[in-house]
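S.K.: Here is how the chains run, residue by residue.
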Amino acid sequence: MPKVTYIEHNGKEHVVDATLGASVMDAAVKHNIPGIDADCGGACACATCHVYVDEAWLGQLDKAGAMEQSMLDFANEVETNSRLSCQIKLTAALDGLVVRMPASQH
Amino acid sequence: MILGAGQAGGEAAFRLRANGFSGAITLLGEEPFLPYQRPPLSKAHLLGDMAVEALFLRESSAFEAADIMVHTGARAEAIDRAAREIRLSTGERLGYDRLILAAGSSARRPGFARGELQGLHVLRSIADVARLRPEMRAGARLAVIGAGYIGLEVAAIARKLGLAVTVFEAADRPLARVAHPMTARFFRDLHETHGVRFEFSAAIAGIEGNTRVTGLRRADGSVFACDLALLGIGGIPESGLAEAAGLACDNGIVVDDSMRSTDPAIFAIGDCCRRPIPLYDRRMERLESVHNALESARIAAFVIAHEADPETPHKAPMLEAPWFWSDQYDVKLQIVGLSAGHDQIVLRGEGPCFTLFYLMSGRVLAADCINMPGDFPGARKLVQERLRVAPEILRDTSLPMKEILRLAAAPVAQSQ
Numbered sequence: 003m004p005k006v007t008y009i010e011h012n013g014k015e016h017v018v019d020a021t022l023g024a025s026v027m028d029a030a031v032k033h034n035i036p037g038i039d040a041d042c043g044g045a046c047a048c049a050t051c052h053v054y055v056d057e058a059w060l061g062q063l064d065k066a067g068a069m070e071q072s073m074l075d076f077a078n079e080v081e082t083n084s085r086l087s088c089q090i091k092l093t094a095a096l097d098g099l100v101v102r103m104p105a106s107q108h
Numbered sequence: 216m217i218l219g220a221g222q223a224g225g226e227a228a229f230r231l232r233a234n235g236f237s238g239a240i241t242l243l244g245e246e247p248f249l250p251y252q253r254p255p256l257s258k259a260h261l262l263g264d265m266a267v268e269a270l271f272l273r274e275s276s277a278f279e280a281a282d283i284m285v286h287t288g289a290r291a292e293a294i295d296r297a298a299r300e301i302r303l304s305t306g307e308r309l310g311y312d313r314l315i316l317a318a319g320s321s322a323r324r325p326g327f328a329r330g331e332l333q334g335l336h337v338l339r340s341i342a343d344v345a346r347l348r349p350e351m352r353a354g355a356r357l358a359v360i361g362a363g364y365i366g367l368e369v370a371a372i373a374r375k376l377g378l379a380v381t382v383f384e385a386a387d388r389p390l391a392r393v394a395h396p397m398t399a400r401f402f403r404d405l406h407e408t409h410g411v412r413f414e415f416s417a418a419i420a421g422i423e424g425n426t427r428v429t430g431l432r433r434a435d436g437s438v439f440a441c442d443l444a445l446l447g448i449g450g451i452p453e454s455g456l457a458e459a460a461g462l463a464c465d466n467g468i469v470v471d472d473s474m475r476s477t478d479p480a481i482f483a484i485g486d487c488c489r490r491p492i493p494l495y496d497r498r499m500e501r502l503e504s505v506h507n508a509l510e511s512a513r514i515a516a517f518v519i520a521h522e523a524d525p526e527t528p529h530k531a532p533m534l535e536a537p538w539f540w541s542d543q544y545d546v547k548l549q550i551v552g553l554s555a556g557h558d559q560i561v562l563r564g565e566g567p568c569f570t571l572f573y574l575m576s577g578r579v580l581a582a583d584c585i586n587m588p589g590d591f592p593g594a595r596k597l598v599q600e601r602l603r604v605a606p607e608i609l610r611d612t613s614l615p616m617k618e619i620l621r622l623a624a625a626p627v628a629q630s631q
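As you go down the protein sequences, you meet chains A and B in turn. Going by the working numbering, the first sequence opens with residue 3, and the numbers climb by one from there. Going by the working numbering, the second sequence opens with residue 216, and the numbers climb by one from there.
Derived from the structure by calculation, the hints contain no laboratory data. Among the hints, erroneous ones may be present.
So these bits of chain A aren't anywhere near chain B, every CB distance computed over 10 angstroms [stated by the list, open to error]: (1) 4; (2) 15; (3) 94.
Simulated pairs of lysine-lysine, DSS-like, Cα-Cα distance not exceeding 30 angstroms [claimed, not checked]: (4) B:547 - B:596; (5) B:530 - B:617; (6) B:596 - A:91; (7) A:91 - B:258; (8) A:91 - B:617; (9) B:375 - A:91; (10) B:547 - A:91; (11) A:65 - A:14; (12) B:258 - A:65; (13) B:547 - B:375; (14) B:530 - B:596; (15) B:375 - B:258; (16) A:91 - A:5; (17) A:65 - A:5; (18) B:617 - A:65; (19) B:530 - A:14; (20) B:596 - B:258; (21) B:596 - B:617; (22) B:547 - A:65; (23) A:65 - B:596; (24) A:65 - A:91; (25) B:617 - B:547; (26) B:258 - B:547; (27) A:91 - A:14.
Restraint-style ranges between C-beta atoms, simulated for each label pair [as the list claims (entries may be wrong)]: (28) B:288 - A:58: 40 to 50 angstroms; (29) B:559 - A:80: 25 to 35 angstroms; (30) B:449 - A:68: 27 to 37 angstroms; (31) A:68 - B:622: 20 to 30 angstroms; (32) A:7 - B:559: 44 to 54 angstroms; (33) B:576 - A:36: 33 to 43 angstroms; (34) A:75 - B:605: 16 to 26 angstroms; (35) A:80 - B:498: 26 to 36 angstroms; (36) A:36 - B:473: 18 to 28 angstroms; (37) A:93 - B:605: 46 to 56 angstroms; (38) A:57 - B:404: 41 to 51 angstroms.
The beta-carbon is built from N, C-alpha and C at its ideal position, and this holds for glycine as well.
Construct the entire structure; sequences and hints are all you get.
M.R.: Below you can see the structure in the form of structure tokens.
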């Protein structure tokens with residue numbers, strides 16, 4: 003099972019043993035990790051699961067799709083490593099992934 | 216004490232903890248499940264693409280970690296406000312300091328369909344899908360009563376599974392209560408292209424069959440033969456206990472901006488409450504949506520946590536414009552805002568991809584985005600910030616929404 007480290011805006015770290023094939027958002031919500039709201043449940047409709055992907059992992063991910071990009075255009079404090087965590091599916095290759103959360107999702 | 220373990224109830228419990236609430240939290244639900252997502256019930260879950268486990272919002276370990284006590288399969292029978300107790304069907308009494316009512320809504324049943332009949336379905340819960348799914352066999356004849364979201368979503372899944380589908384609707388178009396005729400026309404064409412038959416202005420007088428549905432009887436006496444029927448004519452709030460306890464109810468438990476009912480110790484959230492919507496001059500609305508469930512839960516949790524510990528600063532939740540979505544076939548419909556009161560319609564885009572804006576005195580009240588996910592976040596912002604935009608700007612698909620937001624005029628002042 004891929005491990006994902008979530009780092010809250012205040013620096014607090016949470017490590018989750020995620021299910022293969024789940025999204026980075028799913029794993030966070032199911033384990034009640036603070037800082038990811040995911041209001042739409044993964045429909046790519048709300049941009050409240052915004053994360054910053056650790057630079058070391060960026061190369062491992064596919065680029066954001068058009069729909070995700072248009073959602074990100076309206077998220078707060080977007081950086082070049084911003085992604086919607088509902089659109090990152092966990093594969094074995096992503097074991098050890100590190101993401102950080104923004105100060106607020108709304 | 217939280218009565219109702221749906222998405223609203225679950226959210227309230229976790230938000231209380233996130234706000235530092237240290238009291239005991241009990242979540243009481245009638246269904247035998249932890250809180251789960253309902254939108255996929257009439258979509259991926261019904262199709263068989265999403266297992267029950269994937270519906271659950273949080274792992275049971277998360278409830279333990281947050282010290283939230285969950286009683287599933289528990290039925291509350293009465294609220295004793297004087298004693299501040301809930302009475303369960305088992306006779307057990309549970310005390311509370313603050314009570315959150317989050318009992319949701321149930322399917323409206325017409326007078327002729329009150330009893331249990333094999334093949335007669337509603338769709339609000341995991342159990343409803345478990346009952347319906349085995350009957351969704353290729354070749355079976357499904358009659359859908361009501362062309363609202365649930366009816367249309369089930370029709371779409373049924374066509375994918377090879378059923379013959381006829382939708383009966385009392386109005387002259389689908390989504391009559393919620394969408395403009397232009398959006399309605401699009402969905403009618405979409406379903407007809409996929410082989411769904413509609414009967415509009417339909418008057419159904421009864422269900423045929425003794426132990427099992429064999430048909431629908433129209434008001435003119437003619438019978439439509441079918442193997443199963445789905446009732447999709449809307450929901451009614453689960454406000455019976457609140458009413459019996461003397462709380463003000465009017466199509467939902469009436470609450471204020473804090474989600475507080477007419478009893479200061481009792482709050483109501485989600486589908487079962489009727490609350491003021493600040494974006495629309497605090498008009499009272501009862502909304503059945505994920506957004507409403509989450510937002511009302513967060514407000515109640517904030518207020519209760521703050522009352523319990525006024526010394527600690529708590530961050531009030533952001534209020535957002537109501538929003539909804541529906542998936543039918545490959546079409547994604549995203550709606551933001553409430554369109555009631557609009558005096559102008561502006562169409563952006565054409566064919567199978569368009570956004571319909573609803574304006575009132577130039578202000579963007581609401582928008583339907585059909586296969587226009589790129590427009591949706593921008594439309595949310597326009598609605599949320601009460602912006603005015605000239606129709607010719609909205610119409611111009613060469614302008615991305617980001618640019619339109621830049622060109623939007625100053626927000627309309629709140630009239631309260």
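S.K.: None of the hints should be skipped; say for each whether it holds.
M.R.: Right, here's what the structure says about each hint:
1. Under the 10 angstroms C-beta cut-off, the non-interface status given to residue 4 of chain A relative to chain B holds; the minimum distance is some 16 angstroms.
2. No beta-carbon of chain B comes within 10 angstroms of the beta-carbon of residue 15 of chain A; the shortest separation is about 15 angstroms.
3. Interface exclusion of residue 94 of chain A from chain B stands, the closest Cβ pair being 20 angstroms apart, more than 10 angstroms.
4. As the CA atoms of residue 547 of chain B and residue 596 of chain B are separated by approximately 19 angstroms, the hinted pair is consistent with the 30 angstroms bound.
5. A threshold of 30 angstroms between alpha carbons decides the hint, and for residue 530 of chain B with residue 617 of chain B the separation of about 29 angstroms falls inside it, so the pair holds.
6. Between residue 596 of chain B and residue 91 of chain A, the direct Cα distance comes to roughly 28 angstroms. Compliance with the 30 angstroms bound is thereby established for this hinted pair.
7. A C-alpha spacing of about 21 angstroms is found between residue 91 of chain A and residue 258 of chain B, which places the hinted pair at or below 30 angstroms, so the restraint holds.
8. Distance restraint check for residue 91 of chain A and residue 617 of chain B: the Cα-Cα separation of roughly 28 angstroms lies within the 30 angstroms cut-off, and the hinted pair is therefore satisfied.
9. For a cut-off of 30 angstroms, the pair hint linking residue 375 of chain B to residue 91 of chain A stands: about 26 angstroms separates their Cα positions.
10. A distance of roughly 21 angstroms separates the Cα atoms of residue 547 of chain B and residue 91 of chain A; the hinted pair therefore holds under the 30 angstroms criterion.
11. The hinted pair formed by residue 65 of chain A and residue 14 of chain A meets the criterion: a straight-line CA distance of about 27 angstroms does not exceed 30 angstroms.
12. Restraint check: the Cα-Cα separation between residue 258 of chain B and residue 65 of chain A comes to about 27 angstroms, which is no more than 30 angstroms; the hinted pair holds.
13. Distance check on the hinted pair: residue 547 of chain B and residue 375 of chain B sit about 16 angstroms apart at the alpha-carbon level, within 30 angstroms; holds.
14. A hinted pair counts as satisfied when its Cα atoms are at most 30 angstroms apart, and residue 530 of chain B with residue 596 of chain B qualifies at roughly 22 angstroms.
15. As the CA atoms of residue 375 of chain B and residue 258 of chain B are separated by approximately 11 angstroms, the hinted pair is consistent with the 30 angstroms bound.
16. A threshold of 30 angstroms between alpha carbons decides the hint, and for residue 91 of chain A with residue 5 of chain A the separation of about 13 angstroms falls inside it, so the pair holds.
17. A distance of roughly 21 angstroms separates the Cα atoms of residue 65 of chain A and residue 5 of chain A; the hinted pair therefore holds under the 30 angstroms criterion.
18. Restraint check: the Cα-Cα separation between residue 617 of chain B and residue 65 of chain A comes to about 21 angstroms, which is no more than 30 angstroms; the hinted pair holds.
19. Of the supplied pair hints, the one linking residue 530 of chain B and residue 14 of chain A holds, its CA atoms being roughly 19 angstroms apart against a limit of 30 angstroms.
20. As the CA atoms of residue 596 of chain B and residue 258 of chain B are separated by approximately 27 angstroms, the hinted pair is consistent with the 30 angstroms bound.
21. Using a Cα cut-off of 30 angstroms, the hinted pair residue 596 of chain B and residue 617 of chain B holds, with the two alpha carbons roughly 10 angstroms apart.
22. For the hint pairing residue 547 of chain B with residue 65 of chain A, the CA-to-CA distance comes to about 22 angstroms; that is within 30 angstroms, so the pair holds.
23. As the CA atoms of residue 65 of chain A and residue 596 of chain B are separated by approximately 25 angstroms, the hinted pair is consistent with the 30 angstroms bound.
24. For a cut-off of 30 angstroms, the pair hint linking residue 65 of chain A to residue 91 of chain A stands: about 12 angstroms separates their Cα positions.
25. The hinted pair formed by residue 617 of chain B and residue 547 of chain B meets the criterion: a straight-line CA distance of about 21 angstroms does not exceed 30 angstroms.
26. As the CA atoms of residue 258 of chain B and residue 547 of chain B are separated by approximately 12 angstroms, the hinted pair is consistent with the 30 angstroms bound.
27. Distance restraint check for residue 91 of chain A and residue 14 of chain A: the Cα-Cα separation of roughly 23 angstroms lies within the 30 angstroms cut-off, and the hinted pair is therefore satisfied.
28. Between residue 288 of chain B and residue 58 of chain A the beta carbons are some 47 angstroms apart, a value that agrees with the proposed interval 40 to 50 angstroms.
29. Range check, residue 559 of chain B to residue 80 of chain A: about 33 angstroms between beta-carbon atoms, so the 25 to 35 angstroms window is met.
30. At roughly 35 angstroms, the beta-carbon separation of residue 449 of chain B and residue 68 of chain A lies within the given 27 to 37 angstroms, and the hint holds.
31. Range check, residue 68 of chain A to residue 622 of chain B: Cβ separation about 23 angstroms, and the 20 to 30 angstroms hint holds.
32. About 50 angstroms separates the C-beta atoms of residue 7 of chain A and residue 559 of chain B, a value consistent with the hinted range of 44 to 54 angstroms.
33. A hinted range of 33 to 43 angstroms for the beta carbons of residue 576 of chain B and residue 36 of chain A is consistent with their spacing of about 41 angstroms.
34. Restraint check, residue 75 of chain A to residue 605 of chain B: a C-beta distance of roughly 22 angstroms satisfies the suggested window 16 to 26 angstroms.
35. Checked against the hint of 26 to 36 angstroms, the C-beta distance between residue 80 of chain A and residue 498 of chain B comes to roughly 34 angstroms, which is consistent with it.
36. Look at residue 36 of chain A against residue 473 of chain B: about 23 angstroms separates their beta carbons, and that is inside 18 to 28 angstroms.
37. At roughly 47 angstroms, the beta carbons of residue 93 of chain A and residue 605 of chain B sit within the given window of 46 to 56 angstroms.
38. Roughly 48 angstroms separates the CB atoms of residue 57 of chain A and residue 404 of chain B, a value that falls within the hinted 41 to 51 angstroms.
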